[in-house]
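Student: Here are the chains, one letter per residue:
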Amino acid sequence: QKEVEQNSGPLSVPEGAIASLNCTYSDRGSQSFFWYRQYSGKSPELIMSIYSNGDKEDGRFTAQLNKASQYVSLLIRDSQPSDSATYLCAVNILRINTPLVFGKGTRLSVIA
Amino acid sequence: GAGVSQSPSNKVTEKGKDVELRCDPISGHTALYWYRQRLGQGLEFLIYFQGNSAPDKSGLPSDRFSAERTGESVSTLTIQRTQQEDSAVYLCASSLGTDWYNEQFFGPGTRLTVL
Numbered sequence: 026q027k028e029v030e031q032n033s034g035p036l037s038v039p040e041g042a043i044a045s046l047n048c049t050y051s052d053r054g055s056q057s058f059f060w061y062r063q064y065s066g067k068s069p070e071l072i073m074s075i076y077s078n079g080d081k082e083d084g085r086f087t088a089q090l091n092k093a094s095q096y097v098s099l100l101i102r103d104s105q106p107s108d109s110a111t112y113l114c115a116v117n118i119l120r121i122n123t124p125l126v127f128g129k130g131t132r133l134s135v136i137a
Numbered sequence: 011g012a013g014v015s016q017s018p019s020n021k022v023t024e025k026g027k028d029v030e031l032r033c034d035p036i037s038g039h040t041a042l043y044w045y046r047q048r049l050g051q052g053l054e055f056l057i058y059f060q061g062n063s064a065p066d067k068s069g070l071p072s073d074r075f076s077a078e079r080t081g082e083s084v085s086t087l088t089i090q091r092t093q094q095e096d097s098a099v100y101l102c103a104s105s106l107g108t109d110w111y112n113e114q115f116f117g118p119g120t121r122l123t124v125l
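Protein chains in written order, with our numbering: chain A, 26 to 137; chain B, 11 to 125.
Keep in mind the hints are simulated off the structure, nothing from the lab.
Everything numeric in this text was worked out from a predicted model, so none of it was measured.
Worth double-checking, as some hints may not be accurate.
Stated by the list, open to error - Calculated pairs, BS3-like style, for lysine-lysine (alpha carbon to alpha carbon, straight line, at most 25 Å):
{"#": "1", "chain 1": "A", "residue 1": "K129", "chain 2": "B", "residue 2": "K67"}
{"#": "2", "chain 1": "A", "residue 1": "K129", "chain 2": "A", "residue 2": "K27"}
{"#": "3", "chain 1": "A", "residue 1": "K92", "chain 2": "A", "residue 2": "K81"}
{"#": "4", "chain 1": "B", "residue 1": "K27", "chain 2": "B", "residue 2": "K67"}
{"#": "5", "chain 1": "A", "residue 1": "K129", "chain 2": "A", "residue 2": "K67"}
{"#": "6", "chain 1": "B", "residue 1": "K67", "chain 2": "A", "residue 2": "K27"}
{"#": "7", "chain 1": "A", "residue 1": "K27", "chain 2": "A", "residue 2": "K92"}
{"#": "8", "chain 1": "A", "residue 1": "K27", "chain 2": "B", "residue 2": "K27"}
{"#": "9", "chain 1": "B", "residue 1": "K67", "chain 2": "B", "residue 2": "K25"}
Full structure from sequences and hints, please.
Tutor: Here it is in structure tokens:
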């Protein structure tokens with residue numbers, strides 16, 4: 026099992042819809058979870074961090090964490106074409122000697 | 011405030027040459043990370059520095075790769091005798107520390123092309 030898994034996509038949603046991006050992780054002891062957005066040809070940009078079970082909202086973005094299920098998701102409400110990018114999930118995996126492990130990302134395409 | 015900066019933004023070199031890539035972290039960030047991203051691929055962790063501690067070199071792909079950091083400031087990633095498979099974007103990130111809650115912020119990257 027990979028340490029951090031994401032569906033590679035592409036995930037296509039119509040403009041104005043809710044985009045739901047999912048991530049599972051292997052280490053039940055993980056404590057911190059991050060979502061990055063990476064536009065084509067650009068570097069990753071941090072958009073959300075979450076540390077506790079439940080939902081965390083920031084504008085059109087909501088991160089959801091369920092530690093029992095080892096599952097973290099990112100919801101994007103009122104999706105816009107400018108949201109089209111690859112979304113990377115990052116998790117601290119305690120047994121691996123690096124502070125964060127990144128998933129391979131999900132490519133989101135918002136269709137106007 | 012200033013973010014993470016990297017130079018050069020692009021580097022084209024010939025196979026067998028050595029290259030140096032530079033990263034300047036956010037002021038006050040004690041932790042610094044190097045990643046590699048090949049075209050269309052995910053992030054590959056290379057090495058990180060935390061304060062004055064010895065760096066974790068476990069992710070370096072071969073002994074041709076090395077990195078240094080002066081105190082808690084600039085870092086240089088050196089690739090000796092470059093190979094075509096070294097072509098990638100090299101990303102640097104920094105964070106306040108390496109505790110579990112610390113957020114990493116990325117620089118714009120250096121695109122390396124080995125001919």
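Student: All hints are to be evaluated individually against the structure, with a verdict given for each.
Tutor: Hint check:
In summary, the hint linking A:K129 to B:K67 is supported, as the alpha carbons are separated by about 22 Å, within the 25 Å threshold. The straight-line distance between the Cα atoms of A:K129 and A:K27 is roughly 10 Å, inside the 25 Å bound, and the hint therefore holds. Among the hinted pairs, A:K92 with A:K81 is consistent with the structure: their alpha-carbon atoms are about 14 Å apart, no more than 25 Å. As the CA atoms of B:K27 and B:K67 are separated by approximately 22 Å, the hinted pair is consistent with the 25 Å bound.
Of the pairs offered as hints, the one joining A:K129 and A:K67 holds, with about 15 Å between alpha carbons and a cut-off of 25 Å not exceeded. Of the pairs offered as hints, the one joining B:K67 and A:K27 holds, with about 21 Å between alpha carbons and a cut-off of 25 Å not exceeded. A threshold of 25 Å between alpha carbons decides the hint, and for A:K27 with A:K92 the separation of about 17 Å falls inside it, so the pair holds. This hinted pair does not check out: A:K27 and B:K27 have alpha carbons roughly 35 Å apart, beyond 25 Å.
Annotation: proposed proximity of B:K67 to B:K25 holds, straight-line Cα distance about 24 Å (limit 25 Å).
The structure shown violates just one earlier hint, number 8.
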